[in-house]
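Quick note, the sequence shown lines up with residues 539 to 770 if you use this note's numbering.
Hints were generated in silico from the structure; no laboratory data involved. Each residue gets a CB set at the ideal place from its N, CA and C atoms; glycine is no exception. Be aware that a few hints might be false.
Claimed, not checked - In the EDC-like style, the derived pairs of lysine to aspartate or glutamate whose C-alpha atoms are separated by at most 20 angstroms in a straight line are:
| id | residue 1 | residue 2 |
| --- | --- | --- |
| 1 | 644 | 621 |
| 2 | 723 | 655 |
| 3 | 724 | 702 |
| 4 | 652 | 751 |
| 5 | 770 | 680 |
| 6 | 724 | 713 |
Stated by the list, open to error - Ranges between beta-carbon positions, derived for each pair:
| id | residue 1 | residue 2 | range |
| --- | --- | --- | --- |
| 7 | 604 | 701 | 18 to 26 angstroms |
| 8 | 619 | 763 | 45 to 53 angstroms |
| 9 | 577 | 644 | 19 to 27 angstroms |
| 10 | 589 | 707 | 45 to 53 angstroms |
| 11 | 720 | 650 | 26 to 34 angstroms |
| 12 | 574 | 751 | 18 to 26 angstroms |
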Amino acid sequence: MKRFLKTFSVFLLLVVLTIPVHADQKAAEAYTVKVDSGYLAVRSAPSYDASNELAKLYTGDVFYVEMWPSGDYWYGYTKSGVEGYVNKNYLVPAGGSGFHIASNIKFTPDGGDKVLETDHFSLQFPAYIDWDYKIVNNTTLDIIYTPAAKSGFGGNVVTIMAYDWGDNSYEDLPDWSVAGSDENKKYIAVFPTDVRFDPNDSTQQKEYQELLEIAEDMDCNDSSAYNLFKIK
539 MKRFLKTFSV FLLLVVLTIP VHADQKAAEA YTVKVDSGYL AVRSAPSYDA
589 SNELAKLYTG DVFYVEMWPS GDYWYGYTKS GVEGYVNKNY LVPAGGSGFH
639 IASNIKFTPD GGDKVLETDH FSLQFPAYID WDYKIVNNTT LDIIYTPAAK
689 SGFGGNVVTI MAYDWGDNSY EDLPDWSVAG SDENKKYIAV FPTDVRFDPN
739 DSTQQKEYQE LLEIAEDMDC NDSSAYNLFK IK
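Generate the whole structure from the sequences, applying the supplied hints.
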């Protein structure tokens, strides 16, 4: 009996290992390709180069995005399982509609500041401090102090999270404010509760603190705050 159970267990393990994993089983956001002509290339690197094409996608094809790095290229995979980078400017949420916090995201200069804009809002921080953004998923966006991130201390200054009206689950978070709202969403600024810069680096401490103080003014319910978060 023991020999039978052992043999049966090995058989089940082999069956499980041989079951193919399809692309739609992975955690990702589905987007539809939309090109005016030609095709959208899936590339091995986030840059335009004829030598790095892995696959071709055409209008109506679906691409599953796993990572939303800054710049024009997002990382993910096709229905057939080809993984790589595609130009985000030719992707729309699957079905042609749907919310993405970072849709049409871009940087624009504004005097001594750098403004981050999406279809839904804009926010600004000083251009003389090195900061960037990271798209976590379709409802969450991180603002990062780059030197701290590069030195292994995270660098997260504030996280912007979009919530539907009626969803107040953010009230359980330890430190947050309502940065702004429109008819569809509330945009919640969530602040870190631990150190996100190198405490032995005085420059990092100073610059991170400056960004954090600006971020902490993202509060539409505080009339005295100098809120640089603007709803479109």
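query: Is residue 770 within 20 angstroms of residue 680, Cα to Cα?
result: Between residue 770 and residue 680 the Cα gap is close to 19 angstroms, so the pair holds against 20 angstroms.
- prompt: Do the alpha carbons of residue 724 and residue 702 lie within 20 angstroms of each other, as the hint requires?
  reply: 6 angstroms, holds
field: Verdict for residue 589, residue 707 (Cβ pair) under range 45 to 53 angstroms
entry: Taking Cβ atoms as reference, residue 589 and residue 707 lie about 47 angstroms apart, which means the hint holds.
message: Can you confirm whether the C-alpha distance between residue 644 and residue 621 stays at or below 20 angstroms?
response: Distance of about 25 angstroms is beyond 20 angstroms: violated.
Assessment of proposed distance window 45 to 53 angstroms (beta carbons of residue 619, residue 763): 48 angstroms, holds
query: CB of residue 604 to CB of residue 701, is that within 18 to 26 angstroms?
result: 23 angstroms, holds
field: Satisfaction of the hinted span 19 to 27 angstroms by the C-beta atoms belonging to residue 577 and residue 644
entry: Since residue 577 and residue 644 have Cβ atoms about 24 angstroms apart, the given range 19 to 27 angstroms holds.
field: Cβ separation of residue 720 and residue 650, checked against the hinted range 26 to 34 angstroms
entry: Holds, since residue 720 and residue 650 (Cβ atoms, about 28 angstroms apart) stay within the stated range.
task: Please work out if residue 723 and residue 655 have their alpha carbons no farther apart than 20 angstroms.
output: 16 angstroms, holds
- prompt: Quick one, are residue 652 and residue 751 close enough, alpha carbons at most 20 angstroms?
  reply: Holds: residue 652 and residue 751 sit about 16 angstroms apart, inside 20 angstroms.
Range hint compliance [Cβ, residue 574 to residue 751, 18 to 26 angstroms]: Once the Cβ atoms are compared, 45 angstroms apart, the range 18 to 26 angstroms for residue 751 and residue 574 is violated.
query: Does the alpha-carbon distance linking residue 724 and residue 713 stay inside the 20 angstroms limit?
result: Distance of about 16 angstroms is within 20 angstroms: holds.
Checked against the numbered hints given earlier, this structure breaks hints 1 and 12; the rest are met.
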